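Residue numbers (this note's numbering), protein chains in the order written: chain V, 675 to 786; chain R, 24 to 136.
For the record, the hints were derived by calculation from the structure and aren't laboratory data. Remember, predicted model here, so these are calculated numbers, not experimental data. Cβ atoms here follow ideal geometry from the backbone N, Cα and C, with glycine treated the same way. Treat the hints loosely; a few may be bogus.
[Said to hold, decoys possible] Examples of chain V residues toward chain R, derived with CB under 10 Å:
no. : residue
1   : 678
2   : 680
3   : 710
4   : 715
5   : 719
6   : 723
7   : 764
8   : 765
9   : 774
10  : 777
11  : 778
[What the hints assert, rightly or not] Calculated Cβ distances over 10 Å to all of chain R for the following chain V residues:
no. : residue
12  : 681
13  : 692
14  : 739
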Amino acid sequence: DQQVKQNSPSLSVQEGRISILNCDYTNSMFDYFLWYKKYPAEGPTFLISISSIKDKNEDGRFTVFLNKSAKHLSLHIVPSQPGDSAVYFCAASTSGTYKYIFGTGTRLKVLA
Amino acid sequence: EAGVVQSPRYKIIEKKQPVAFWCNPISGHNTLYWYLQNLGQGPELLIRYENEEAVDDSQLPKDRFSAERLKGVDSTLKIQPAELGDSAVYLCASSLFTDTEAFFGQGTRLTVV
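Given only the sequences and the hints, what does the whole structure look like? Please build it.
Shown next as structure tokens:
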């Protein structure tokens, strides 16, 4: 039973265009969400987070949108750069549990 | 600021042998996590420490896995005996507090042959 799903294993985008990575969750108790980026042979690096009291959080080129009714969040990268090529994981948790459930990841390739 | 340091980076062992992984978290971080990442999957929590106390070890297979965090700083994760299915990347992470984002180390890639 996968509570956090990233249904697109891979995504290719041209440099300068928008990258949209999607994540769906099934547990309505999740109220905190994060995105991590992972380069090969490195550990995941925290990118951006969002609390369920918000529907949008922005940090530079990265914006996360949360649609609670659809149990869906997305990460937008604008403009995409070749250095953004990595595997992106979304993760979710419920307040007080401090346990993050990760999705299976989406491999983003930004083409120069 | 130094990040989370793990060693070794790679380990190859024969099945039924013991193996240990070491983690040095970011200085001052009270919370330490050990995650398991199988190929093509996201990280899965094995154990979480608050200082030296293991507050969540519900996902740790206690028949063969053990962990400790003496003095609330460094931590070791041990597998004894290792099985073929234990081949994976073992990630250590730390966070300042439990409800802040975690910073991951580079991981230890274990191959059991």
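- Contradicted hints - numbers only: Violated hints: none at all, because every hint is consistent with the structure.
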